[in-house]
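Participant: Residue numbers (the working numbering), protein chains in the order written: chain L, 1 to 251; chain B, 1 to 291.
Calculated directly from the structure, the hints in this document are not laboratory data.
Lysine to aspartate or glutamate pairs mimicking EDC-like chemistry, simulated, CA-CA at most 20 Å apart: (1) L:Lys-26 x L:Asp-63; (2) B:Lys-188 x B:Glu-94; (3) L:Lys-93 x L:Asp-188; (4) L:Lys-143 x L:Glu-125; (5) L:Lys-93 x B:Glu-174; (6) B:Lys-173 x L:Asp-82; (7) L:Lys-117 x L:Asp-103; (8) L:Lys-93 x B:Glu-171; (9) B:Lys-173 x L:Asp-103; (10) B:Lys-173 x L:Asp-172; (11) B:Lys-173 x L:Asp-79.
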Amino acid sequence: MEYIIEAENLNVYFDELHILKGVSLKIPKNTVTALIGPSGCGKSTFIRTLNRMNDLISTFRMDGTVLLDGEDIYNPKVDVVDLRKRVGMVFQKPNPFPKSIFDNVAYGLRVHGINDKDILEHKVEEALKGAALWDEVENILDKSAMGLSGGQQQRLCIARTIAVEPEVILMDEPCSALDPISTTKIEDLIHKLKKDYTIIIVTHNMQQATRVSKYAAFFLHGEIVENGRTEQIFLEPCDQRTEDYITGRFG
Amino acid sequence: MSRWNEEFFIEKGLLLTAVSSIIIITLIIVFIFKEGLPAIQSYGFINFIFGMDWAPSSGQYGVFPMIIGSLGITALSLLMAVPLGILCAIFLAEVAPARMRKILNPTIQTLAGIPSVVYGFFGLILLVPFMRIHFGGTGFSMFTASIILTIMILPIIVSVSEDAIRSIPQEYKEASLALGATHWQTIKNVIFPAAIPGVITSVILGMGRAIGETLAIIMVAGNVVQIPGSIMDPVRALTSNIAIEMGYATGIHYNALFATGIVLIFMIIILLVLANYLHYKKKVTVGGGYL
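Isolated chain B (complex conformation) (with noise of 0.2 Å):
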């Protein structure tokens, strides 16, 4: 074959590669949309997202709580894996010795790895019932989702904040501490700053994974539909109700679970096109050619 040819077959391979992956992707999202808009067609689309009653049985389809449980799971557990996850990041990239990152490194990348359900499993036989003995009620609560997520995003944000910060240009630490700046402050004021961009990266996946969690939400959060009253309540997250229902909804039921899951993509999309934005304008702000 000519080198004319070759290259010719490599391009297109890499564009009908490209191509075919789009198209599956729109396929599903066309499918989605065609499934769930007879839904919120027939039951109002104000009905649909403000409802506060989800009742398949007497014909209510409201998922308002179940936005504000998939918010609040999500945003309770980056309260707690966010500072937890870029401290570490920090200790690990600028602070453990050389021999304890070679431990801790893939242990925390193993930690990414392991399935949902374990930690789900984990979270009903050990956290539910301490929750419960602990702080009362059923042990089944936003809260309890929001520890198991906070554990199962902690890898995510470490490793990805810890490359961030290791890629901060070495000349940077070294100016820092040439003019006589403690570690502490070299981190504090130049190398953390400048690895935000990266540090926002990190929350951007993390954020992504616990709002797409289900099964170990299911297994933990109690699932019952209601706007939590503390963060103690048991909730029900969009994604939950997917899982759940799943079995044995027809007709407009099946339909409504369909339209939960298109509430859900524009939740995702709204939430990473915030959090681009703030990386964006962070990006921006710093200046500088990396990251």
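Only chain L is shown next, with the shape it has when bound in the complex (with noise of 0.2 Å):
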């Protein structure tokens, strides 16, 4: 199998607090991956590791690698923006620029330099149809992206994502603000984007892991408790605990 994503006996520290303690996790390239586990497992931490994110925090401390493509994303000489455009996030909040919709999606574009406008009109276009909002917006573009609704907003965050065409995209909750319709929406394109993308989705929700997932790590106190298939998880857990948390008996 061949693995876009290998991060090996990852710790990170905020402060003296130990948020992940030796994580070693490989990602599948064009598969959907899923992290599940309790509130302040280290999920959410965990991908924001992957584009760096967490590097905004001024107590953040790591040490382990990640590698992308079999390269150290935390070697000193990697420009932190070329990486961040490879690898794409999606927040558990819709956080749509106070823009229009067009300036939205473009945004990405612009920051890297193309201010072509047809070509900018065309991948605008591409990506909105991408994340399956084209119909909805096509001819308001223009508009305020704070006018749409939550779902809507979501899936142009996901558009204006796959417009700088990320290898892999990081999904922080995605659906946990929006309602069950719009969810369902944002779960067919998750179905969709896979072939072309690498998704890494943290979830709260174990049908939704079930349903959008091919593999999935289940992650407790700061370190994977058990990670694979994810039918394997969810039907034979190796792990006790594993088994208490799918099955609701905590978390």
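Please assemble the complex out of the two chains, which come individually in their own frames, going by the hints.
Facilitator: Next up, the structure:
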């Protein structure tokens, strides 16, 4: 199997807090991997380590290695801006910019130096179609993105992310603020996107994990208890703690 | 006392304080108009506003040069203070390390609290001779006054703008960085545009202080009633006019000083309405529920 991300013995600290404890995980290419586990177990911290978003926090410290296509992303020579272009991220709360729908999707392209109007229009349309939002916003591209519904905003954020053509998309509980119908739309979208992208999704929703992911990893207290194929984790977990969690005995 | 009574007295008490402050302000304005209007009536509205000569001894009361003086000093100081203040606010909010900010923020707030006479005295003793030596003339000029005003309004613009920038949700910043934007691109394209309504508020506050400033301007502007030919010419502001002549004004001259106050009030109203309209318009176009 081909792995796109390989985290090896990853330790993360915020000040004295030891958040991730020797986490090792390999993420297969062009599949969906779900990260599950109770709140505060380090799932979000883990994915934020993969695009170096934790660098924004001054108390962040880490050791271990994270390889993206075999290259250490924490190597001092690595260009963080370039890394984040390759590893996109969709956040828990839909966070479109207070700009027009078009400008939201074009934002990433523009900061990477694409200013040609025709190319922008083409890529924005492609990204919005890719995020299954085009039909709904086709005629209101110049309207503020703040006027969209929560589900539409989240798909806009996905469109914005895929517009810059990343290799990996990190999703941090992308449906937690959405209603069931919007959630279904995002899940359908994830199925569609996995052909072209590697997706890592953090979710608290067990059903969602089984619906969208092929692989899963169960986090508990900053460690990975178990990881493997999703159906194996859900149907025949090897570890008692995994079974307790997925059957709803805690968390 | 029953709970109902308590609520009643608190509500009425709040109403009373609100009403009394409004009444006090209204009475002051009524008084100013009562004292000022006779001068405008006897000298003529057009003659008063657009008159070029202010010579109380020969009965001439034209305030136009002073309107230009006030506007000129204010505009010039905003021209210097706004870009400087905004860049400084961006630096403090986004770039400066935490420890540096801890030292700079209280310093800037202290600067905002220094009385204007101190700034004026500083200007008189240091800046005026400096200008005289390097730019010629007397050193008392519109430009000198603008520099002092710039220093005085900078702290306001910096601290209010900084708050505006800092109140932009972290999510915007993260979203932008996650798309591979650099920090500066994020500031320029996302954080600052979203903060513009707050930045406009800071400019309004700075402008309010600039146009109302009296003492510091008297000390360095030269106070000659004339339309300045260049920024290096001395000018007199409306505020200065009242302060300089109030000691010996009688009769129509006395009324004319109050009329100067009326002009000042209307000027400030017009500027505030303009600025608030800009602020409102910007807020509508950026959308979103913040600020």
